[in-house]
Amino acid sequence: MSDAVMPEGVIAGGWSYVIAAYSVTAIGLSVYIWSLVSRSRKPGDES
Amino acid sequence: MIERLKWHHFVGLLGLAIVVAGTWIGLFVAPAERHMGDVMRIMYVHVPSAWSALLCFTFVFVAAVASLWTSRKRWDAYMTGGIEVGCVLTALLLVQGSIWARATWGVWWDWDVRLTTSLVMLLLFCGVLALRSFIEEANRRATWSAIAAIVAFVDVPLVYFCVRWWRSLHQIQSSPETVNSAMVLPLRLNAVAFLLIAIWMIAIRARIELARLQAEDAPEPEPLAIEER
Amino acid sequence: MSNESRSRKVLAIVAVLIAGGALTFLAMGGIGENLVYYWSPSELKEAGEGARGATVRLGGLVAPGSIERGDDGLALRFAVTDGTETVAVTASTVPPAMFREGIGVVLEGELAGDGTFHTERLMVKHDNEYRAPEEEDGRSMEDLVKSLQLENG
Chain V
1 MSDAVMPEGV IAGGWSYVIA AYSVTAIGLS VYIWSLVSRS RKPGDES
Chain A
1 MIERLKWHHF VGLLGLAIVV AGTWIGLFVA PAERHMGDVM RIMYVHVPSA
51 WSALLCFTFV FVAAVASLWT SRKRWDAYMT GGIEVGCVLT ALLLVQGSIW
101 ARATWGVWWD WDVRLTTSLV MLLLFCGVLA LRSFIEEANR RATWSAIAAI
151 VAFVDVPLVY FCVRWWRSLH QIQSSPETVN SAMVLPLRLN AVAFLLIAIW
201 MIAIRARIEL ARLQAEDAPE PEPLAIEER
Chain Y
1 MSNESRSRKV LAIVAVLIAG GALTFLAMGG IGENLVYYWS PSELKEAGEG
51 ARGATVRLGG LVAPGSIERG DDGLALRFAV TDGTETVAVT ASTVPPAMFR
101 EGIGVVLEGE LAGDGTFHTE RLMVKHDNEY RAPEEEDGRS MEDLVKSLQL
151 ENG
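Protein chains in written order, with this note's numbering: chain V, 1 to 47; chain A, 1 to 229; chain Y, 1 to 153.
Simulated from the structure, these hints should not be mistaken for lab results. Some hints here could point you the wrong way.
Listed below are the simulated SDA-like cross-link pairs for lysine to any residue, each with C-alpha atoms no more than 25 Å apart in a straight line [claimed, not checked]:
| no. | chain 1 | residue 1 | chain 2 | residue 2 |
| --- | --- | --- | --- | --- |
| 1 | Y | Lys45 | Y | Gly115 |
| 2 | Y | Lys146 | A | Val62 |
| 3 | Y | Lys9 | A | Arg141 |
| 4 | A | Lys73 | V | Arg39 |
| 5 | Y | Lys9 | A | Leu131 |
| 6 | Y | Lys146 | A | Trp111 |
| 7 | Y | Lys9 | A | Ala130 |
| 8 | Y | Lys146 | A | Val151 |
| 9 | Y | Lys146 | A | Asn180 |
| 10 | A | Lys73 | V | Tyr32 |
| 11 | A | Lys73 | V | Ile33 |
| 12 | A | Lys6 | V | Ser38 |
| 13 | Y | Lys9 | A | Val151 |
| 14 | Y | Lys9 | A | Thr58 |
| 15 | A | Lys6 | V | Trp34 |
| 16 | Y | Lys45 | A | Trp165 |
| 17 | Y | Lys9 | A | Ala138 |
| 18 | Y | Lys146 | A | Ile172 |
| 19 | Y | Lys9 | Y | Met28 |
| 20 | Y | Lys146 | V | Ile33 |
| 21 | Y | Lys146 | V | Gly9 |
| 22 | A | Lys6 | A | Val47 |
| 23 | Y | Lys146 | A | Glu136 |
| 24 | Y | Lys146 | A | Val107 |
| 25 | A | Lys73 | Y | Lys45 |
| 26 | Y | Lys146 | A | Phe59 |
| 27 | Y | Lys9 | A | Val62 |
| 28 | Y | Lys146 | A | Pro176 |
| 29 | A | Lys6 | V | Glu8 |
| 30 | Y | Lys146 | A | Ala130 |
| 31 | A | Lys6 | V | Ile33 |
| 32 | Y | Lys146 | A | Ala138 |
| 33 | A | Lys73 | Y | Gly115 |
| 34 | A | Lys73 | V | Glu8 |
All chains should be built: construct the whole structure from the sequences, respecting the hints.
In structure tokens:
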């Protein structure tokens, strides 16, 4: 049995970190691309 | 609207197709790392974000010099596009890195040279964008934002080389010899994909900026009657 | 050529020269000497009394066979080495999952009077090796010490 407190030198259950990092990236890029599209639809038009 | 289907949209679509393939391989085909386990898969977005951000700012340097040299609005617009996209990628880079750091190093942040110079890079180029928005007159804005961008660029080689020059918590660059061969493919695919997507975003942003600069340059329209609503 | 566009070209040259000069200064070690991110065990021992009482960072490898956990489950004892010198460490924190023998660590803390280093901020330093689980790590202690990049400023 492995000790619960003392780490074994290997990260177990790392998927939550992976999902967080990929989600931030996907959402960040999507929001930015969406802002580019909405800005290029109405060049110089403030309304 | 044939105008809309410009070359950069093909670049962007190609980038999106490759990023889907690279991410799929990175998440589900490539092996977990011996010690980091699945957390290491963050590398397939983190390293491409870093590379493309550094390349964006290198392009910004070239565009800034070209803008001063030629006084053409096109370069001013490209420079702005490069800065904005570079800042978006650097912001994502810092968040991904922070998540990866929490899992491996045990901390969200530390004032290590790699992290500090990367944060400084983001702040400096945000500063250039802020400067742009403060200067009203077009020629002065182009001149001073280009000079500011050239000065801010000093930090870009530092971000890359600092881990080789100084001690750091962040590891130095990996190479194909230090990375399992099955991990190299998704890394390369996503690196190419991020670069293509960055080029696409810069092109769109530069077109928006160029249209704005040209509109700004156009003779004042006849004063309109104020609409009553 | 208009006056304005000529002065802009001059500004371009000046800005590039300033940027290049600043970068050369930094690359040649202009600030490197005063900016040490962590001390190796050898440097900490050499500093001796000078290192006492101040918060410093100590970096090195977790010495093989040195990890001991105290009875209360919190106090962790191990030693940090750079292959030449070794410093005993007590940590009052739960180490990150990757903590193990032979891994690089960066510790923030203080050197106590008895020569042990006490830390509450234990960071694991991963090197640039990424391997599949089935791959053997054939690296010697010497190779691992190299990954600490102690020759860097």
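- Task: Of all the hints given earlier, name the ones this structure violates by number, lowest first.
- Result: Structure breaks hints 2, 8, 19, 20, 22, 23, 25, 26, 29, 30, 32, 33 and 34.
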